Each structure stands twice: as structure tokens, then as C-alpha cells.
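A.B. asks: Protein chains in written order, with the working numbering: chain A, 1 to 740; chain B, 1 to 65.
Read the hints as simulated data drawn from the structure, not as lab findings.
Computed from a predicted structure; not experimentally measured.
Here a beta-carbon is modelled for each residue, glycine too, at the ideal position from N, C-alpha and C.
Warning: the hint list may mix true and false statements.
[Said to hold, decoys possible] Covered stretches of chain B, as calculated for chain A (at least 3 residues, CB under 8 Å): (1) 17–25; (2) 28–37; (3) 46–54.
[To be verified] Cross-link-like lysine-lysine pairs, in silico, PhoX-like; alpha carbons within 20 Å at most: (4) A/LYS239 <-> B/LYS44; (5) A/LYS379 <-> B/LYS55; (6) B/LYS55 <-> A/LYS239.
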Amino acid sequence: MSSTNVGQSGAKRRLETFSYDDQIVKWFVIATIFWGAVALLLGVVIAFQLAEWRLNLHLPWITFGRLRPLHTNAAIFAFCGNAIFAGIYYSHQRLCKARLFNDTLSKIHFWGWQLIIISAAITLPLGITSGKEYAELEWPIDILITLIWVVFAVNFFGTLIRRRERHIYVAIWFYIATIITVAVLHIVNSLSLPVNLTKSYSIYSGVQDALVQWWYGHNAVAFFLTTPFLGLMYFFLPKAANRPVYSYRLSIIHFWSIVFIYIWAGPHHLLYTTLPEWAQTLGMIFSISLWMPSWGGMINGLMTLRGVWTKVRTEPELRFMATALTFYGMSTFEGPLLSIKSINAIAHFTDWIPGHVHSGTIGWNYMFIAGVLFYLVPKLWNTELYSKKLANSQFWFATIGLVFYIISMWVAGITQSLMWRAMDDAGRLIYPNFIETVIKIIPMYWVRATGGSLVLISFFLMIYNFYRTAKQGKKSSVDVYEAYSLDDSSLEHNPNIHRRLEGLPMVFAILSLVAILVGSAIEIIPSLMAKNYIVKIDSIKPYRPLELYGRDIYIREGCYTCHSQTIRPMPHEVLRYGRPSEAAEFVYDHPFQWGSKRTGPDLARVGGKYPHMWHYKHFWEPREVTSGSIMPTYRWIFDSKIDYTSLPKKIEVMQKLGVPYTAEDISSAISNAKVHAEEVASELIANGVPQKITEMEVVALIAYLQRLGTDYGSLPDEMAQLTNDSIKSEDSNNSKLEEK
Amino acid sequence: MKQAVLSHWDLPMLPIIALIIFMVCFITYTFWTYKKVNKKFYDKASQIPLQEPTKVGSYSKGKGL
Chain A
1 MSSTNVGQSG AKRRLETFSY DDQIVKWFVI ATIFWGAVAL LLGVVIAFQL AEWRLNLHLP
61 WITFGRLRPL HTNAAIFAFC GNAIFAGIYY SHQRLCKARL FNDTLSKIHF WGWQLIIISA
121 AITLPLGITS GKEYAELEWP IDILITLIWV VFAVNFFGTL IRRRERHIYV AIWFYIATII
181 TVAVLHIVNS LSLPVNLTKS YSIYSGVQDA LVQWWYGHNA VAFFLTTPFL GLMYFFLPKA
241 ANRPVYSYRL SIIHFWSIVF IYIWAGPHHL LYTTLPEWAQ TLGMIFSISL WMPSWGGMIN
301 GLMTLRGVWT KVRTEPELRF MATALTFYGM STFEGPLLSI KSINAIAHFT DWIPGHVHSG
361 TIGWNYMFIA GVLFYLVPKL WNTELYSKKL ANSQFWFATI GLVFYIISMW VAGITQSLMW
421 RAMDDAGRLI YPNFIETVIK IIPMYWVRAT GGSLVLISFF LMIYNFYRTA KQGKKSSVDV
481 YEAYSLDDSS LEHNPNIHRR LEGLPMVFAI LSLVAILVGS AIEIIPSLMA KNYIVKIDSI
541 KPYRPLELYG RDIYIREGCY TCHSQTIRPM PHEVLRYGRP SEAAEFVYDH PFQWGSKRTG
601 PDLARVGGKY PHMWHYKHFW EPREVTSGSI MPTYRWIFDS KIDYTSLPKK IEVMQKLGVP
661 YTAEDISSAI SNAKVHAEEV ASELIANGVP QKITEMEVVA LIAYLQRLGT DYGSLPDEMA
721 QLTNDSIKSE DSNNSKLEEK
Chain B
1 MKQAVLSHWD LPMLPIIALI IFMVCFITYT FWTYKKVNKK FYDKASQIPL QEPTKVGSYS
61 KGKGL
């Protein structure tokens, strides 16, 4: 519907009527609440599993290694994802004064995203995973994600083109950067070659894979958990406080700085690894630079509340948003701190990192989502909030739970790290036995699980509050609004370049893309080319077929969630694990398996350290060989047979990826693997294990572990002596522990 | 040849080049944004979330407009 009118400039202006599509926002709100409960529940379950290993229940699909990726995916993509879509669809329509571009696209977006989440919830517990952190989903789901993201983008940009507000408000800039960057990150990091419908290998290997993965991983935090939420902050905070943002100009600086800087920071996840030194320095410098825009944004948000602080005490939406901003400030202070190399040396691989992550995800994301939901639910259901008192209780449960979580992880992380590096006057490790350092921090795991439970309780209080709110909701009619269509009359006379840009969504999107690509290109391209000049080590050979099969089991079970495979060049690491890792050692690793957390010891050189029988017992009952171990049992790999027929195809795919397998390696893969299995099994059988073990998966996994680190020479004599002393001391400590 | 070129490429310069690119961009857009002449425009823009279009009616069912 439209009518014409004569505007101030004398030009004819068309007055149009329209309504908002709030139904789709309602759907995304419901999905946010549902998946939020699932994600938090999974988090609490795995937190208790770390404190008490028996809670793994000897069942493959609920073992920690498979549930942990499900928890992270559910929290990021299901809970935060649905919240982002709800918030963006609500605010985008209002900022554009236009209905969403296409109702059908909105529905496809909603149901497509739920289908992706359900696919993840089915495949990850089944062990169908690509083995790359925060990007575990296999290739068919990756393609679906891409398609649905395109649907979202079309719907979003279509709305933007039809807008009735000339200036594109800053929140929308953050949404544009999110849409563009997430697409680039997801596509580049997920590139892989399929073996079959449920298995693929990353096209990158070793150091390159690590760099691409953490470029993606860090920017998933940046462009999925930060920029869209900052966009939401710039809309919902002024709305809830009923006052404009403190400084619109600061928000512009905030936007460009965060988009430009964040993309470079990925390598801080790989400090002291075999990543080139310059790339590590680059990651560190830009991570520290992030302090500036992050705090700029936080200050801008908190200062918006000046004059309405009394409302923060009484209005749940403002209270949660203000707390979220405070935690955002805290975690964005801690992040750059952790990326300083000397601090990272202590914190990396310890519980300090999950503590930091959760101060961001619970403190910033959950709290902010709660704030947005407290604003949206009463409006969408056309009623008042059921209980502010309940919201108040929720707030305290969540805050106290989070404080428990963060502090316990600081204590656990720093304690364990100091134990790892403690050495006596003779230069030997004081705690050579890794398990001693684990047992020490288990009380902190109980505190963490308790904190997580409090956060979960807070979430259930919110669900009840919203359920009662929606129940008392009045049937609402759809409001119809009118606004002038965009025409030349709203154009500014002689605007400058940036101003013109602010009104051109597509050009703006391209410039945002350029901003993120500059950083990505400088960081990634040289590293991809670095493959050409990694000094080759002739003794490093591709995996034998059975080892490759074992490696796939290692990935399937999510071993990388607790074990690293990279030794940093530090005295205590060399003493504990052996020679520092070299880039050339990983050239055949598609994907890399360096991990990011050492709940158990590093495995880069575990090959040959123990007899086959030790591993056999360890998988059946870890406590039989390591007293006090918190590792789950892996009894199903004693019953599952090796699928030898899958091997030729796997090796063929690896060959296509550049691993130097010959045609004969492919044709003889099955017989080669069978002979290898018999070699491994013969030692087990000699120790009284039944004959049938030869066909079982445990043999392949042992073969893989026994290969790790064995290709690459030994330590210089003096170092080797110290390491041997440490191992001897570890053995004697082990027997003391067993006696206890 | 390619390997020789790559191995002599002075990669430690990259962080410095990156920092220079960023500083140039940062100074440019900060200067631009804080130019006095822009204040009025941005103050007006900051009001956008608070402006509601005129409500002209409502309907209970059916397809949106």
C-alpha cells in the first residue's frame, strides 16, 4: 500500500505501510531457550565426568571425548546461533523500517538451522567428526551450513535494500561483518576431501592445518560470539535504557578496529609450537591491540547507562546486559593477557583456558542473551514479565555459579602448570608422573561442576519465568506502520566518502570483507607457502595403513579434547615428553591433532614408551596401569572389528592430498594392515589375550600410538640421561602411588 | 628457484607491515569520524533505534504487509 506526498525538498515522497514479521523472531526465541538448556546441561554433564570418570558409564556415545564437541557446538551454534538470529531479525526490521525480505526464506532459515543442530546432535555422539575443534561437523553438514547461511544472507541483505531508513545504523555494520566473515571462515576451514558420506580428511596438514584451524577457531569467537552480540548491544541497550548510545562516533571506531584487528589474533593459540616465529609474534601483537577496541566497546555500552543506573537494579533486561558488558570487559582483558608469550607458557594446555572461555561464553554471551530475552519475551507475547523476583534469583545463581567456575579454573590451571614445570636442583622433574598433577586439581573439578550446576539452575529459572510470562500473554494483533520509502529527498548534499559508504550496503560489505581479508592474507598465505620450505626430514614417513586406521579411531573418540600432540621447546616439556616437535613431523597429518588442552599427558612421542600390553590394559581400565587416572574406559574398541575394506579408499584420498603413497600402497593396503595387526596382536596374545583380538579396533589404535614420534631421532646424550632419570623416577612414583 | 626465493623472504617484517597498515587505517578513520562537521549527523544517527514509525492500524490474522 502506498500514497504520495510532497516532502520538504519538494520531491514527491511515497508513504508506504508495512508490518514486522515477529513470528519468526518468536520461533528463534523458543529455539534459543530450548538449545540453551541442552548446551548447558551437556556442559554440566561433562564437568562432572571430569570430576568422576565413572559418569562416562562405559558407553561410547556419552563418553567425554564425544560429548565435549557436542557441548561446544550446541553452546556456540545452537544456543548463541539461534539467539543471534532472533536478535538480528527483530532489530534489523526496526532499524530498516521494513519487513524481512521474504517470509519463506525466514522459514527455510529457521528449519534449516534446526536441522543442522539435530544432525550435529546425532553425528557427534556417534563419533562422526572431522577432528577439528569447533568445526567438528562432517562435510555434508558443512555444505548444509553454507546453504542456510546464504539463505540468511539473502534475507538480510534483501531487507537492507528495501529499507526505509537512509543511514545504516552501526548495529547493522556489525551484522554485515558477521555474515561475511563467518562465511569466509567456515568455507576455508572446512575444505576437505571426502572418503565417504561420514568421513573426510582436511585438505591442510600439520602446521598449515593448525594455522587455518585457529584462524577459524579464534574468529569463530570473534565473529560468532562477539561482533553479532556487539551489534545486538548497540540496538537493545539503547532500547532498554531508552536513551541513545553514549558515543555513536566511538561505535564507528569500535567497529572498524574490531573487524580489522580480530582477524589477526588466531596464532596466539599456537605460541611455542612449530608455527613460524613471525606468525606467533603477529598473533601476540594483534591480540594485545584488541584491548583497545574491546574496552572501547565496553565503555561505550556501560556509559550508555549513565543516568539510568537505578533502572539496572530494577529492570532484569538492563541488569543482565550491564553484567554481560562487565564480564565482556573482564574476559577481553584476560584474553590479551593470556596471549603474551610468557603468560601463555604457563596458561596454555591448562584449565585456565576453559576458565577464560567460560567467563566469555557464560559471562558475556549467556548474560547478554538473557538481557535480550527479558526485553523480547514480554513484547512478543504482549504482556508483562511474570516475575522480576525470579529474574533476580536467576541473576544471582548465574553470577555466583560463574565466579565458582572461573576461580576454580584459575586455581586448577596455575597449580597444575607450576607442578608440570617444577624441577629440583639436579634438573629433574619433581612431579614426573603426570597423574600426580591431575589428582591434585580434582577438587577444583568438583567446584567447577558445582558452579556449572548453579548456572544451569539459573537457566531453568529463566525458562519457568518465560513459560509463565508466555502463558499469561494476550493474543496480539499485528501492528501496521507507515513510513516514507527511500528516495533522493533523504540524500545528503555533498556527503563525504565514509558517509556515502554508510548508505551503500553492498560496497560496505565488500570493504568489510577487504578489512578481514588483508589480515587473513598476510597471515595465512605465507604459511600455506611455507610448506615449500619446511626442512624435510627423510626419516618421517607416512602412516602405515593400520596406523592410519588407528588415527581415525583416535579422532572419532575425540582424544584430542584431552591430549595434545606437540611438545613445546621448554626444559620441563623436553624432560617429560622428549625432543621438541618439528614442523616436518606433521606434514602427513590430515588433520593435525595438536589439541589445546592437557587433561592427560602429551602424546607426540608416546610411541615405544610403553609395551603394547600397557596400552591394551589402559584402554580396558586406565586405572589398572595409572592409579588415579580420570580417563574413561574404551571397552567398545575391544568388540568392534576393523573394517579393512575402507583402507584403500582412505589411502587413495590421502594420496590425492599429497601424502606420498604409491599405487602399490593402495592395492596392498588391506594385506599390509592385516600383517601389521598380527604383529601387534602377537605380543598381546603372548600375554594371554584371546586370539580374536587381532581383528579388533584396539589393535589399530595401539599401532597408531606406538608410531607417534618414533620417526624423528633421539635426544642428545646429556638430555636423554635426564629424561631417563625422570622416567625412572616416574616409575618409582607410580609404584608408590599403587601401594597407596 | 621458488624455494630459494621463499626461504629468503624476510617474514619477520610481516608483523611490522601489518602494524603499519593498521595504524594508517586507524588514524584515517578516527580523524574522519571525529571531524567536527560530522557531529550533528552522528548524533542524529544515534537516535535511529529509538525512533518508531507511525502506527496506522492493526490486523488480527493473515499475511503480513
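A.B. asks: Work down the list of hints and note, for each, if the structure agrees.
C.D. replies: Results for each hint:
no.: 1; hint: 17–25; verdict: holds (count 6)
no.: 2; hint: 28–37; verdict: holds (count 5)
no.: 3; hint: 46–54; verdict: holds (count 8)
no.: 4; hint: A/LYS239 <-> B/LYS44; verdict: holds, 15 Å
no.: 5; hint: A/LYS379 <-> B/LYS55; verdict: holds, 16 Å
no.: 6; hint: B/LYS55 <-> A/LYS239; verdict: holds, 18 Å
In the structure shown, no violation is registered for any of the earlier numbered hints.
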